[in-house]
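Peer 1: Given next are the chains, with one letter for each unit.
2 protein chains.
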Amino acid sequence: MKKIITPDASSYSELLKRPVFETKSLNDKVQEIINQVIEQGDDALFELAKKFDKVSLSSLVVSEQEIEESLNLVSDELKSAIQTAHHNIKTFHESQREISKPIETQTGVLCWRKSTAIQKVGLYIPGGTAPLFSTVLMLATPAKIAGCQEIILCSPPNKEGKIHPAILYAAQLVGVHKIFKIGGSQAIAAMAHGTQSVPKVYKILGPGNQFVTAAKMLVQQNGTAIDMPAGPSEVMIVADESSKASYIAADMLAQAEHGVDSQAVLVCSNQKILDSVEEELEKQLAVLPRKEIASQSIQHSLSIVEPDRNKQLEIVNHYAPEHLILSIEDVEEFTDKVVNAGSIFIGNLTPESLGDYASGTNHTLPTNGFATAYSGVSLDTFVKKITIQKVTKEGLKKLGPQVEIMAEAEELIAHKNAVSIRLKDI
Amino acid sequence: MKKIITPDASSYSELLKRPVFETKSLNDKVQEIINQVIEQGDDALFELAKKFDKVSLSSLVVSEQEIEESLNLVSDELKSAIQTAHHNIKTFHESQREISKPIETQTGVLCWRKSTAIQKVGLYIPGGTAPLFSTVLMLATPAKIAGCQEIILCSPPNKEGKIHPAILYAAQLVGVHKIFKIGGSQAIAAMAHGTQSVPKVYKILGPGNQFVTAAKMLVQQNGTAIDMPAGPSEVMIVADESSKASYIAADMLAQAEHGVDSQAVLVCSNQKILDSVEEELEKQLAVLPRKEIASQSIQHSLSIVEPDRNKQLEIVNHYAPEHLILSIEDVEEFTDKVVNAGSIFIGNLTPESLGDYASGTNHTLPTNGFATAYSGVSLDTFVKKITIQKVTKEGLKKLGPQVEIMAEAEELIAHKNAVSIRLKDI
Numbered sequence: 001m002k003k004i005i006t007p008d009a010s011s012y013s014e015l016l017k018r019p020v021f022e023t024k025s026l027n028d029k030v031q032e033i034i035n036q037v038i039e040q041g042d043d044a045l046f047e048l049a050k051k052f053d054k055v056s057l058s059s060l061v062v063s064e065q066e067i068e069e070s071l072n073l074v075s076d077e078l079k080s081a082i083q084t085a086h087h088n089i090k091t092f093h094e095s096q097r098e099i100s101k102p103i104e105t106q107t108g109v110l111c112w113r114k115s116t117a118i119q120k121v122g123l124y125i126p127g128g129t130a131p132l133f134s135t136v137l138m139l140a141t142p143a144k145i146a147g148c149q150e151i152i153l154c155s156p157p158n159k160e161g162k163i164h165p166a167i168l169y170a171a172q173l174v175g176v177h178k179i180f181k182i183g184g185s186q187a188i189a190a191m192a193h194g195t196q197s198v199p200k201v202y203k204i205l206g207p208g209n210q211f212v213t214a215a216k217m218l219v220q221q222n223g224t225a226i227d228m229p230a231g232p233s234e235v236m237i238v239a240d241e242s243s244k245a246s247y248i249a250a251d252m253l254a255q256a257e258h259g260v261d262s263q264a265v266l267v268c269s270n271q272k273i274l275d276s277v278e279e280e281l282e283k284q285l286a287v288l289p290r291k292e293i294a295s296q297s298i299q300h301s302l303s304i305v306e307p308d309r310n311k312q313l314e315i316v317n318h319y320a321p322e323h324l325i326l327s328i329e330d331v332e333e334f335t336d337k338v339v340n341a342g343s344i345f346i347g348n349l350t351p352e353s354l355g356d357y358a359s360g361t362n363h364t365l366p367t368n369g370f371a372t373a374y375s376g377v378s379l380d381t382f383v384k385k386i387t388i389q390k391v392t393k394e395g396l397k398k399l400g401p402q403v404e405i406m407a408e409a410e411e412l413i414a415h416k417n418a419v420s421i422r423l424k425d426i
Numbered sequence: 001m002k003k004i005i006t007p008d009a010s011s012y013s014e015l016l017k018r019p020v021f022e023t024k025s026l027n028d029k030v031q032e033i034i035n036q037v038i039e040q041g042d043d044a045l046f047e048l049a050k051k052f053d054k055v056s057l058s059s060l061v062v063s064e065q066e067i068e069e070s071l072n073l074v075s076d077e078l079k080s081a082i083q084t085a086h087h088n089i090k091t092f093h094e095s096q097r098e099i100s101k102p103i104e105t106q107t108g109v110l111c112w113r114k115s116t117a118i119q120k121v122g123l124y125i126p127g128g129t130a131p132l133f134s135t136v137l138m139l140a141t142p143a144k145i146a147g148c149q150e151i152i153l154c155s156p157p158n159k160e161g162k163i164h165p166a167i168l169y170a171a172q173l174v175g176v177h178k179i180f181k182i183g184g185s186q187a188i189a190a191m192a193h194g195t196q197s198v199p200k201v202y203k204i205l206g207p208g209n210q211f212v213t214a215a216k217m218l219v220q221q222n223g224t225a226i227d228m229p230a231g232p233s234e235v236m237i238v239a240d241e242s243s244k245a246s247y248i249a250a251d252m253l254a255q256a257e258h259g260v261d262s263q264a265v266l267v268c269s270n271q272k273i274l275d276s277v278e279e280e281l282e283k284q285l286a287v288l289p290r291k292e293i294a295s296q297s298i299q300h301s302l303s304i305v306e307p308d309r310n311k312q313l314e315i316v317n318h319y320a321p322e323h324l325i326l327s328i329e330d331v332e333e334f335t336d337k338v339v340n341a342g343s344i345f346i347g348n349l350t351p352e353s354l355g356d357y358a359s360g361t362n363h364t365l366p367t368n369g370f371a372t373a374y375s376g377v378s379l380d381t382f383v384k385k386i387t388i389q390k391v392t393k394e395g396l397k398k399l400g401p402q403v404e405i406m407a408e409a410e411e412l413i414a415h416k417n418a419v420s421i422r423l424k425d426i
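Going down the list, the sequences are from chains A and B.
Residue numbers for the first sequence follow the numbering used here, beginning at 1 and rising by one.
Residue numbers for the second sequence follow the numbering used here, beginning at 1 and rising by one.
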């Protein structure tokens with residue numbers, strides 16, 4: 001682990017720099033797959049399933065029967081946990097509904113917004129040995145609350161041509177309309193452009209490997225909306241004497257087990273905390289199933305000793321962490337001053353894991369510094385806000401002449417005429 | 001003008017298709033300019049001003065003196081109109097502030113969101129003979145309300161090395177922090193990457209020609225957020241017997257004067273309305289200063305006769321117009337059912353021009369069908385919402401075990417440990 005003691009503010013940029021990945025050559029490969037899906041539709045998807053997923057599918061769609069079977073393959077214990085998570089996520093995201101009331105910006109000029117669901121959305125859930133049912137909950141729950149009319153989900157099949165039952169269980173619990181056995185960049189291409197089986201959607205969401213990420217960025221160039229740009233997961237922890245070394249180490253390792261490129265950054269008030277955390281890290285790492293991955297990730301992690309609260313804050317806002325754990329005493333004051341972060345976890349008893357699964361906040365968050373400009377997924381992600389205006393005679397009489405002046409100054413005489421022709425009549 | 005009578009719903013896709021522009025070769029050229037700005041900074045900007053704007057600049061920044069001078073060059077009449085517009089835009093966008101209150105998703109588990117401004121934003125305002133001060137108001141006003149700490153503006157200088165005084169007036173009225181004499185894709189590159197003079201921003205907003213648009217899409221690929229993808233401006237008008245042909249024609253021409261690629265689509269209940277509109281179009285076109293442009297645009301415009309309200313609605317939602325003017329009788333009911341549109345103008349007395357300048361709604365809207373997934377610019381465009389959670393002992397006791405089960409099912413044992421280690425202590 002890299003350790004820095006009270007660095008100068010001028011070095012923050014260098015110190016907090018994220019690794020940069022080369023994407024150009026990847027883009028060409030992924031664009032080829034996208035083109036293949038555009039040209040050959042379902043045929044391409046069957047072929048690519050053979051090539052990449054090593055499976056010969058009879059159908060791209062998960063059948064009703066497969067979904068019903070999955071209900072028996074998930075333990076009651078896990079079902080109940082998933083239901084709890086769903087309840088909390090639903091409760092928090094339902095509270096994000098906007099109530100818009102008309103505003104009279106001047107007499108006779110009424111403006112308001114109405115939220116409408118994005119009608120068709122596509123969710124991507126990565127495959128692999130572990131089933132990411134939590135991401136199904138995080139994406140489908142707000143989509144359902146928003147009222148999206150068509151919610152489809154793609155996930156790569158395993159070698160038996162199946163999708164993990166826990167994913168199917170979560171999808172049917174929330175109300176996903178159709179599930180497809182399609183993985184990788186071909187899934188993104190299918191949802192962006194549509195095929196015989198897969199409906200074209202307006203927005204695509206969800207995590208994925210570098211191929212999926214590249215495909216999402218490429219289809220975005222052609223007008224399909226995406227949730228946000230992706231990057232490796234990361235956590236920043238700010239700790240002082242009120243924190244507990246074993247908790248901090250556990251939180252760092254939870255981040256580190258995601259992958260060797262995950263980042264865990266510790267900002268603590270003194271060297272003693274850092275030493276205790278290191279000791280705990282060693283102890284906890286030893287018994288971790290994914291210790292290979294986690295230890296590599298921890299190796300290139302960063303710890304900064306900085307006693308000054310304002311500088312700690314500057315470091316946080318400079319880094320703009322995806323996850324920010326604050327194990328400090330004056331936590332409310334500090335939280336108020338954080339301007340760049342995806343999600344904040346307050347105090348010793350709020351580990352990131354809770355938000356990853358079930359506190360109710362969304363775990364799809366801006367990483368890689370994107371928290372400077374992006375929010376995490378929320379109800380907002382699934383709605384558009386249409387503005388509406390209605391002007392009365394009185395309103396037009398007052399506002400019209402002003403608009404005529406401005407339209408003329410911008411040399412848009414037809415814009416002016418559209419007002420003048422009405423003013424003459426009233 | 002293309003005219004279609006009661007088309008079959010199966011033909012809507014073909015009928016309402018927008019023209020597609022080839023962008024690949026443009027991207028290469030624009031990427032070169034971006035690279036030049038990254039490598040040479042200010043030097044590149046001075047050189048490109050010579051090359052494209054035909055001016056040898058002494059400074060990239062607009063001086064205090066230039067801004068003060070501009071105040072004397074704008075007529076009091078125009079100043080007053082701009083102030084009215086600013087007032088209405090400010091009033092409407094201020095009403096978009098979100099008040100977030102903590103939600104207890106289950107006992108002891110508190111979640112909430114806080115809105116924070118994107119700290120650094122860059123606005124682009126195109127040049128040309130007509131000064132687009134209205135766009136300055138539309139972008140800078142919500143940025144200011146959001147509390148963005150650094151709001152910069154780039155606009156190409158004229159051959160005298162000046163920016164139009166109306167743009168400078170609007171910028172200082174709203175409170176833009178710094179104005180630069182930089183145009184085209186080099187302006188986007190400078191704001192995305194930063195130079196000696198131009199600060200790097202997190203999000204770039206504003207309209208522009210195809211070079212600007214291409215540059216925005218390219219810097220987005222590298223992580224700079226943008227307002228939305230761009231396309232030619234467009235209006236759809238739904239009209240029945242309650243409408244007035246002269247108003248409809250005026251509104252279509254207001255759209256048509258923007259450029260030869262602008263689209264005006266009329267959906268009306270019967271042939272008689274269409275005939276009257278055509279007659280009016282001819283009459284009004286004849287006296288329009290931009291009749292060359294407008295008549296070309298009108299030529300490739302589309303009119304659809306469709307008496308059925310449900311089918312009219314289907315056409316609207318299929319096209320997803322940037323601007324939607326509803327001059328019909330049962331307008332509230334119709335408005336409720338619109339799901340895809342940028343901004344709606346209700347009734348005979350609400351021409352699009354009012355919203356373009358001064359009703360209070362934003363005129364930066366999703367075009368080219370992007371209203372299916374994107375909203376127009378609003379206060380939301382300039383804020384991020386950070387989620388926050390705080391869990392009590394009781395909350396952790398109840399929720400912790402559920403999270404342990406899910407983390408284990410996803411094979412993320414360090415995630416589980418972060419909960420277990422705390423549960424042991426309480």
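Among the clues, some could well be false.
All copies of an identical chain are treated as equivalent in the list; a pair is satisfied when it fits inside any one copy or across any two copies.
Stated by the list, open to error - No more than 25 Å apart at the CA atoms, straight line, and that leaves these computed lysine to aspartate or glutamate pairs for DMTMM-like:
#: 1; residue 1: 3; residue 2: 280
#: 2; residue 1: 2; residue 2: 282
#: 3; residue 1: 424; residue 2: 279
#: 4; residue 1: 385; residue 2: 98
#: 5; residue 1: 17; residue 2: 94
#: 6; residue 1: 385; residue 2: 22
#: 7; residue 1: 144; residue 2: 39
Just so you know, these hints were derived from the structure itself, not from any lab.
Peer 1: Is the C-alpha distance from residue 385 to residue 22 at most 25 Å within one copy, between copies, in both cases, or in neither?
Peer 2: Close neither inside one copy (36 Å) nor across copies (30 Å); limit 25 Å.
Peer 1: Up to 25 Å between alpha-carbons, please classify residue 2 paired with residue 282: within, between, both or neither.
Peer 2: within (15 Å within a copy, 74 Å between copies)
Peer 1: With identical chains, the pair residue 3 and residue 280 could be close in the same copy or across copies; at 25 Å between alpha carbons, which is it: within, between, both, or neither?
Peer 2: Answer is within; shortest intra-copy Cα gap is 16 Å, inter-copy 75 Å.
Peer 1: Can you tell me if residue 144 and residue 39 fall within 25 Å by alpha carbon in one copy, between copies, both or neither?
Peer 2: neither (32 Å within a copy, 47 Å between copies)
Peer 1: As a check of your reading, is residue 385 near residue 98 (CA-CA no more than 25 Å) within one copy, between copies, both or neither?
Peer 2: both (10 Å within a copy, 14 Å between copies)
Peer 1: Which holds for residue 17 with residue 94 at a C-alpha limit of 25 Å: within a copy, between copies, both or neither?
Peer 2: neither (36 Å within a copy, 36 Å between copies)
Peer 1: Between residue 424 and residue 279, at a C-alpha cutoff of 25 Å, which is it: within one copy, between copies, both, or neither?
Peer 2: This pair counts as between: shortest inter-copy Cα distance 19 Å, intra-copy 82 Å.
The structure fails to meet hints 5, 6 and 7 from the earlier list, while all remaining hints are met.
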